[in-house]
Every structure is written in C-alpha cells, then in structure tokens.
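**Student:** The hints should help you fit chains L, C and E onto chain F, whose structure is shown.
There are 4 protein chains.
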Amino acid sequence: MKYFGNTIEYEIFGGSHESEIGVIAKGLPAGEKIDPEKLQSFLKRRAPGQNSWSTPRKEADIPIFESGLKDGVLTGETLRAVIKNTNIKSSDYKNILDVPRPGHADFTAYVKYGDSVNMAGGGPFSGRMTAPLCVLGGICLQILEKRGIYIGAHITRIGSVEGERFDPVNLSAEKLLAAGKEEFPAENPAAREKMQTEIEKYRQMSDSIGGIAECGIIGFPAGIGGPMNEGLESAISQIVFAIPAVKGIEFGAGFDVSCMAGSVNNDPFIIENGVIKTETNNHGGILGGISSGMPIIFRAAFKPTPSIGLPQKSVSLSRKEPETLVIKGRHDPCIVPRAIPILEAAAAIALLDVLQAQ
Amino acid sequence: MKYFGNTIEYEIFGGSHESEIGVIAKGLPAGEKIDPEKLQSFLKRRAPGQNSWSTPRKEADIPIFESGLKDGVLTGETLRAVIKNTNIKSSDYKNILDVPRPGHADFTAYVKYGDSVNMAGGGPFSGRMTAPLCVLGGICLQILEKRGIYIGAHITRIGSVEGERFDPVNLSAEKLLAAGKEEFPAENPAAREKMQTEIEKYRQMSDSIGGIAECGIIGFPAGIGGPMNEGLESAISQIVFAIPAVKGIEFGAGFDVSCMAGSVNNDPFIIENGVIKTETNNHGGILGGISSGMPIIFRAAFKPTPSIGLPQKSVSLSRKEPETLVIKGRHDPCIVPRAIPILEAAAAIALLDVLQAQ
Amino acid sequence: MKYFGNTIEYEIFGGSHESEIGVIAKGLPAGEKIDPEKLQSFLKRRAPGQNSWSTPRKEADIPIFESGLKDGVLTGETLRAVIKNTNIKSSDYKNILDVPRPGHADFTAYVKYGDSVNMAGGGPFSGRMTAPLCVLGGICLQILEKRGIYIGAHITRIGSVEGERFDPVNLSAEKLLAAGKEEFPAENPAAREKMQTEIEKYRQMSDSIGGIAECGIIGFPAGIGGPMNEGLESAISQIVFAIPAVKGIEFGAGFDVSCMAGSVNNDPFIIENGVIKTETNNHGGILGGISSGMPIIFRAAFKPTPSIGLPQKSVSLSRKEPETLVIKGRHDPCIVPRAIPILEAAAAIALLDVLQAQ
Amino acid sequence: MKYFGNTIEYEIFGGSHESEIGVIAKGLPAGEKIDPEKLQSFLKRRAPGQNSWSTPRKEADIPIFESGLKDGVLTGETLRAVIKNTNIKSSDYKNILDVPRPGHADFTAYVKYGDSVNMAGGGPFSGRMTAPLCVLGGICLQILEKRGIYIGAHITRIGSVEGERFDPVNLSAEKLLAAGKEEFPAENPAAREKMQTEIEKYRQMSDSIGGIAECGIIGFPAGIGGPMNEGLESAISQIVFAIPAVKGIEFGAGFDVSCMAGSVNNDPFIIENGVIKTETNNHGGILGGISSGMPIIFRAAFKPTPSIGLPQKSVSLSRKEPETLVIKGRHDPCIVPRAIPILEAAAAIALLDVLQAQ
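Chains as they are written, first to last, in the numbering used here: chain F, 2 to 359; chain L, 2 to 359; chain C, 2 to 359; chain E, 2 to 359.
Here chain F stands alone, though its shape is the one from the complex (with noise of 0.2 Å):
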C-alpha cells in the first residue's frame, strides 16, 4: 500500500479486522499549520452512516495524530494518524472466506494469502482504508491551498444521468469546490436530484450503480512533472487506481481524443495579459507529462458497489461446487459520492509531492 513519490513516502496501514487503521507519511513541510476542524469537516463528506445512499455503519473516522502534528502544527517528523476500529465484528463475514463475493478481493486475496488471511470487513481491501487517505491528503489539501492550488471534485455521471463537466478553461475557485459543499457532492440542483433518484432506484432493488467523477485543480503553476515516467499522470494514476473501485482515468478530453482530428484536439496557444494560455484545454492542463498552468482535469469511473442484496452466483471454495450467495447488511447502493473526497486527496497528495520536488 506503500507509494514512493519524489518527496512525499505514505503507508497506509492495518484493515478493516484489526484495532486500528492509519497512515505514516514523510516529507510534509515543517511549520504548516493546518486547521483541525477543516480536516474534520473534510473526513466528514467520506464518513459513511449519513443518508440513504450510503452504509448505515457509523464510524466516527476521528484520526488520533500520534507524531508529526501538534497543536495544529506540521512538526517535521514522521507523521503518525491512527484512527480506531470501534466496531470489529468478524462474525458478520463469517462465510465470506468459502464464498467469495462477486466483484470483491475475496477470491484473489485467498489465492494471494491463503486460509490465513482475514478479510472481515474487507481486510486491507476494505473501502474505509480510504479513510487514513483522506486523513493525508485533508492535510496536503490545507497545504496546497495556502500556496493558491485549490482541488475540487464532483459526480457527473451516476449511471444513466449525465451531469455537467467543469469548463476546463474558465473555472473558478467557486465553481471548483461548490459540489463539496452540498450534502450530495454535484452543483447543480437539477442534475444532484436525478442523480439520487437513481442510486434510489437500485438501492430499492437491492442492487448497486456505478458512475464518474471529475476532479479540477487550478492554481497549480505550469512547468511541474517531467517526461515519461515523471509526468504527472503517472503520478495521479498511480494514487487514484489505488482507490478501491476505480476502472478507468482519463484527462482532459480523455477517451474523447480518439474520435478527434488534431486540428481539433490541439489546443491553439494565446496571450492573455500577457499571459500565455491555451483557448481550449483538450489536453487537461497537462502537456509532456508537465503542467502548462490551465486547470489540470481528469476523470474516473467507479464500479458499482459489488455487495449488492440479491442473490448471485459463487462457488464454494472448499467443496469446489457452485454456491448462491446472499450477502446480508446495508451497504452503499453507490460509492461515487462518498468517492468524491478521496479523489480530492488522492490529487492532493500527488500534486504536493511532485510541487516539492521543484
């Protein structure tokens, strides 16, 4: 779990079967003060047990800073935030290890680790590993926004429903970090309640939804990241695919590039007080792996939530025969919204470490 930027190193620790879930990370900047109730009211739009597109498991998600920060400041050290396991109830996942779930990590995790590994609750796969992420990059976002980067995310597909994309050339602060501010993270009010009406809809079929979600940062200088290996998508791929339930990023046009002619997907160089910009911004502020100064974009697809309600098809592991599998409790019937936050942090993180090393 461990990723090795340029300047910052995290791990992210323990699983949902143990006491305790964190984060270590190194290379912070000594001195930054970050605002703990900031953080909190951040960890907040990924806690779950909130509403009814999300798991009614409370968990408080409250990180205890055992190094690295205190009273609100980065001291330099390693830093250390744990947050504790309230709720371990092993029991509830009891028969998963014979019949793995559809669309989890039982199945490889088993063939991975064997008998010996302990996936109640999803083990080191859990989704709330995402929470120690969060606890990082809520921090890295406080950085960066003191140095005039500002990140924010939003939903713009939840299975049928489209919603609107940022404008990737004109795109305020405002804009940016509207979606975050609603309990349901997309801006528009219209698209925000078709959106719910469909995770709705398969929330009362017992089933799951997939959807898409936009992340813009502006305020990030231009002449960050590197060629090949060093560019910058590489650097936020390689955060954003370990989040659980990714399948696919894109920036920029993305996908859409494929159907598109140079003469379109170039974005023309112009001057604006004296500035240089591009007109359009097909190439999501990035070019040759490094920033050009216009908002950075990308895109990424989560799958639905595989613990659905209804019945599936398994196998059992030890009787090598198959097995219908009925996975009880309540579950999320959609993780975009939840997501939204991690892929704030996820860019937070990469986006600090590559700033640092210049």
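Worth double-checking, as some hints may not be accurate.
It does not matter which identical chain is used: a pair holds within one copy or between any two.
The list that follows gives simulated cross-link-like pairs (lysine-lysine, DSS-like), each with its CA atoms no further than 27 Å apart [what the hints assert, rightly or not]:
no.: 1; residue 1: K321; residue 2: K278
no.: 2; residue 1: K329; residue 2: K45
no.: 3; residue 1: K85; residue 2: K71
no.: 4; residue 1: K329; residue 2: K278
no.: 5; residue 1: K71; residue 2: K321
no.: 6; residue 1: K182; residue 2: K34
no.: 7; residue 1: K314; residue 2: K278
Calculated from the structure, these hints are not laboratory results.
**Tutor:** Chains L, C and E only, in chain F's frame:
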C-alpha cells in the same frame, strides 16, 4: 523517466537531440535466453518509415547491448542498451523554441527548463524515446512467454471507426497475437481496411487522428498484486502514462462500469474443470488490485499526433504576440498503429516486475 | 526511519513518548513458519531491567502482530507489529528540552523540529526504537536459519578490556551462537568476568563506557551482492548506522588494512574438497561488494551511554546561558551487551533482503 | 550501482570493458552555474598516470555532458555525463577469468554472473568507475560551496606512517582544502614525504600498501538528517562503501569511543557569540543522525591495491587446481592518494541530497 518497481528498475535516457538514446535496467533474471531476431522483429513493429501512416524518417533502431546481454543470454549484470541517433538535424526544429507547437511539450518544457532546453526532434519528449522502452519490454515479453504468459495488443478504434474488442473470457494466444503479425495491427481484414482509410483521409488533409488500443494478457497466474498502491492497475498505468500521447486508461469494462448495475458488473464465480473462474470478465482480470487468473484486459486512448501540416494558432515566446505556425516535414497522421508494440512492452515490464516479486 | 531495500522495506514507527512503537514490513516470504517462543527469547536478550549493566526500567517488549503473522505463519500480507508503551512518564524528562543532554539528540532534534518535538524518553531517538527492529530482525533470523545461514554476535571490547575475535576462517554455528546464550554475551568466561567488572567500575562512578561488538555470518551463499552501491557493505552499514550509538563499522580486517601490504591482505584462493575458498579472510567474506562464501565478519563501535549521573556542562536553550545538568534516574552504564541481538537483527534484515533479490 | 536518496538519484553505468562509462543523475538544482575548469581540475586529482604512486595508464577522463548541463548551467533535465573508454585492451586480462586475482572481485563476479561476465579491466568493479562518481560529486561540491559548505579530505595514514588529523573543533576552509592542492594530498610537508617514501618502499617490492583518509565538512547547517535510517551516517556510509577498496568507516571519535567513558566522550554544550556549540567534537558533527552545526568528520580505511607484481597463490577455476598467479603491468602501489577526491565526491552527493530534502 525512471520507473521504480518491485523488482525491476529502469531508466530511459537520452533524447532525439543527443548522440544516443537507451535504457538501463536492473532486476532481469540472469541466465535467461533472449532471441535477438525475435527482439529485432518486435522493434521493427514500432519503427517508422515503413508505410503511409508513419513518418518517412528511417531509423534503424538497432540496440547495442553494452552490458547485461551477452551471446543472447541475460548475464544478471545491469542491462544497458544504446541506440545511436544517426539522423540528428537540430535545424529542422529551429523556430520551434520561440513558437511552441500546440499539443506538444514545447511550451511546458520551456517553462520548466528555460532557454537551455534542447527540444530538437522533441528532445526527451520525443516519441522516439519509446524505442528503448520497447527494447526492455521486448526482452520482458520473451521471458514471460517462456512462463506461458502471452501479451498482445490491437487497435480497437481509429477516429470514427470502431473495431472489435478481444473476447475477455475466452482469449487464445493465437487471437491475442494475430494483430501483431499484420503490418497494420488489427486482426479483422475489414476493420483494417476501414481504419487505414480513416487515417489516409486525415493524412490527405494534413491533419491527424486519434484512437484506442487494447491490450490483453493470458496465462498470468492468479494471486499477483496487492491492495491499494500495490495493485496491478497502479503498476500498469504508471508505465502506460509514460507513453507520450496517452490520455486515458481503463481496465476490464472500464468507463462503462459507470452505467452498470452491480448485478450486471459483478462477475459470477464458476467452476470449470476444477478451476475457479468468472463467467464474465468485467473486472478485466484484476480484483482488489490482484490478478484473478482471467485474462487481463486494458485499453488506452491515444491523442492525434500534434504535429500537423495545417496552420495553427500559437504565440511567439520572445515577442509575446500571436503567431501562425506551420509545421513542415512529414509526421505520422496517426500514432496508434506504431503504439501497439509499445503498449505490449509497457504491460510486459509491469507484469514481469510484479510477478518476480512473488 | 524507513529502510528501502531490494526486496524488503520496513518502517520503524512511534517513539518513547507515544502510545506505542512498532514496525511495518513488506517483502517477507509468505508461508514461512515463525516460532513465537524463539522470537520472544530473542527479544528478551535486548530487553532491559534484567541485570546490573542495564537500566532497571522494566519493559515487556511483547509484540502484537496486527497483520502479516497469523498462527505462527507469515501470511504474505504487510507485517505490522506493535509494542505498547506501558510506562510513559513525560515528566521524567521535563527539563531536558531546555537543557540538552550532551551526547544525545536533544539539541539537534530541537534545531530540526523546534519546540514542538516531544523528546520524552528520547522520542523517536530512544534506544527503545531498536525493539521493533529486533522483532523484524528476529523473524529474518529464523528464516535465514532454515536456509542454513547463521548469524551471531558477541562483545570484543569493553573500555580497556579486549576479548577474543571470531576465527574468520573456521567458524562453526556453535561458536557463533555461544555468546548469545550467555546472560552477558561474550563466550569466554574469563573475558566475560573482566568485561562485567569494567562496566561495574564505570557504573559505580555514575559514568558509562563504550565498546565494540563483532558479528559473524556463516552459510551465506557466494555470489550475492553487486558492485558499488549494490554492495553488501552498503546494505549492512545502512542499517547498522541506524542503531543509535554506533559510530563506526568495519568489515574483515577493517581499519587494520591501512597498515597491511597487499601481499599480506590479499587472501589466497585455495581448493578444499573441490570447493574454492580463501586461506585467510581479511576480506571479511565480501569481495567487490559480493559474498565470497567465506564467513562474513563485521564489527561496530558503540559509544558510551550518554546519560550519565555525573554533572555535565550544558546550556539553557531559552536563556542562552551555561547550565550544569544532572541527569536523574538509572541508565545502562554500557549499551553493548544489549546491542548484541540488535546487531544480529540488523545483519539478518540486510542479508535476507539481498538474498531474496537473487 | 544505483543510489536512491531523498532528492538525488544516480546511477553509475558502464565498465572498463565497455565503450564508455558515465553517470545519470536526477534531482540537481536547475539554474545552478558550474565552472567546467574547476570540475576538470577536480577530476584531474583522481586521474591516473601522473606520478610514481599511480598506474601509468593515461586516461583523459573528460566527461561529455549529453544532457542536463548546457553552457555551464544545470538545466534541470536529467544529467547524463559520459566518459569514453579510449584504451580498451581486453587481451590484457585474458587469463584472469580462469585464475582469479586474490583480493579482487574476479572470483565473486564469476560465481554471480558465470562465464558471461566480462571482467576485462575490472569490468563494473574497476576503480575507474569512480570517475563518473567524481563527475557528479564535483558538481555537488561546487553547489555546496556556493552555500558556504566546504568539503575537504586528506590522508591520515599510509602503512605505518600516521599523519595529523583535522582539528574537529576549529576547522577553517583553508585548512580543509590545503591537502587537495598538493600533488600528494597531505597538508604537512614532512608527513607528505614520509608517506611517499612508505609507498615507494612497497612499490619497489612489487607490493602495495593500505591507508586511511579523513574527510571534513564545515558550514553544514545544524538540524539536517533524522533518526535511525534517516541519519546522516547511513546516508554517507552507503555511498562511501560503494567506493571499491573501502573496508571501514568511522565518524567523529569513531572506534576510539570503545574505550571512552561517557564523561569523556559526551561533548559539553557551550555558547560562543550566542551560538550553541560543543566544546569537543567526539560526535563528529552528528548527534542522533542529525547535524549539530559542528564540523562533520569521518574517516575511511582503504585496503592495499590487490593487483601486485609478487607471485600469488590462486586456483584455476576450470581445472580446479592450485595455480600461481603473476599479474603483469603496473598498478597503483597505493590507492589512497587518488581516493581523496572520491571521498569528497561521495560526501558531497550524500550531503547535498539530505540538505535539499529540508
């Protein structure tokens, strides 16, 4: 340009403006036999100057192995392969530094490195830097094949022409490698013709066109990878985004998962001849970052070649005023055909790396 | 505190002032059986409070394995072992932050981290941080032993008392492990007594004394390591210098090579029962960074415990004026006896790491 | 041969048997001016063929900067410097592969790489590999000097001749750099003569002799480094042991701490002109892995050159029987004089790396 994997490290060095380019790599298995002719014919698939959809610049791309490969055997020493640049014409790109080409790294490299950067021929951002990547990847491909692991890619889209995708459940080595044997890497003759016609259309307009390539891997054992940052998607995407022109990547059902219900996307587990498989393969062979034993499938979106003959809007960096740019010389009207072996190379490096870590 | 090896990565976390300390490690071989009692008795050799030459603070040092070790088997998951700090007395160290202890990290930590650093009990610089190192090292030792590789250390000098060194040519496992079985880790009874007497002398003066420990490794295969930065000396010294109090390390004949002729220092090659060996072992089992198959031998110099009862000259950081410091409480008059297992642990981690890379 | 630091990464590539050797480095500060003549005269200090104590092989050692340094300015791109091997005579070393030279890596390289390894001229183990290290180190030295940090080394022992050590408390740049200005790098004329006589004695016997070199650093700010594996000793020793022939390293009082009492070894804190210093400097400028602001002092032991003219006992690898080996050609009778700039280079790389991480 460094990649720092679990067991393999590599560094692509040089640039189109230097006397040579090459790759330094560590962690390859000692004693392994490498067929030089097979490697050379793999490299030929990427080399330009062979047909109407690629630039007529003839580059031999013959690697000299300074160390690590002797008499066709990997010695266990650091591998160092060098490709001499025989055709350095700095003058070709004389005015580019002042008037950056839209869609290229000219501008961002200028911001990052200042006047001192040498962007002749694209410098370190040149597509030519993928030749050493293919040298390393071609070696990894041969090693994997001996372990029964086959990697093949093909074109699934050029502009508006959509081709067939691989069958993600029943995928034979024969099917997988079919496209690579064609001069134009699509296995279906009808699709091949349509795609070539599409490219020719843009070439005649002095324009270019984008596309999508798909890569499949079979024979890769289940249980390789790990949760979060240790996942196969992070490993693969990190290298794939190092390929210039890639703007998106997706695994399995990819972005389509956004409109799928969990009951549809979840791949049911079944037993076939005592082996546990999945009935469908929306997960693309990876669950929780770990291989499932099913074919690994991913697709990458390639933008249209930014170098086009049409006049384009740009600016003069020195005079800070608008300037119309006309790029001379011939360039690939579509990068995707030549990108097919590069995608295979990238996958081979990432997968051998994680496989060896087991 | 991170170590980033070829195949093993680890991170020691926490500090004497936190609720716990521990280690996170990756890259250990899955399926390996670990004897918990053997591990605990190894840890006991480092633990304090057992005799007159160590501090009477009783610390149980019982690791809780949160993940990676289950039912005595390494699962292949990330190993996370935690040792609870039962005995946190911040008040013991109250005045230290203002008056730094000579020979300690108090002053340098203050410069680096400012007022916010918590140096209670030594903070992250505490000798106690070697307990998690021994947890990891103790596991590596057991793994190596199963492959016929034995690591043992002993004291070769305490103050003015010099003990016998290992025979670097003919070294049996019995001889190697003899010292570790003694309460005071020197194999020769006469030397043991003299060394203990030497320590007792300094203890009664409220002073402390330094020493030298030697570590030997047998059964390690030839051909492991590599030139320059890949050398075994770099790997071993990197971890050994992470042990607080180490001020020097030497391999084979070490500093004595400075007054040796080449004709004396060069170890002649001979054949014994068809096996190529060296007649002498001034090279300490390492030639060109690569193991030769001969016993690996290195020695480390440990400074006297800086915490002594005698009044010492220091300064008040706040008042910027001289201050006499008297450290209360009892401390080890000599760190070397307890450092013996730490040295074995450090060697075991470094050597398993490079061995696995082969 | 890779070094992977906090901010600087480098790779030494090639070997005496290849067409070139060189260094690839990342993380150097962009825009920094480098004086090429100063660099060349630094490299000349290491180059052979200049006097009676070094081999008469003339190697120009003129680096060609393929990228990263242009018009005397670091561009921020990857630095790649190449030194051509003009003098490759594989035949010189023809019989060595079968009869390994005592004290050399011939035998261990054979075990590791098998028959395929090319050890002509030492291959990747050649002392010549330190030339590219000096190219990188020479650049780092110039960067550090602009920040007021001076690094100088000198010989403190050759065989039985012991020279003066640096004053570890009051050390001026003038004193530090004095030895480097002499053809034979010892500052005291009397010691110089004695040491040269000692070397000449062994040369005439067709033998060789070892020695000790000391390196001092002044102007390095306090507060750089960190606990355990982040310590300065780990960083420095990792590179110093990459220098062929080094068998030991010690910091400050080094191995002498073994016979020191804590009351003697502990350096009292004092205030001089408002600045906190230590009265003595047994800690060698490093406490708890962190710089104290006092001069950093370390010493390295170099073994005698293993290539000697005297007949030596060895074995035939193919025939598995004893063989007497006589090495022809002239070799350095003592490596230490030429190792002085290498030690400075190693220290400069390690210290710039950690300094930049702050």
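**Student:** State the violated hints by number, sorted upward, taking the hints as numbered earlier in the document.
**Tutor:** none
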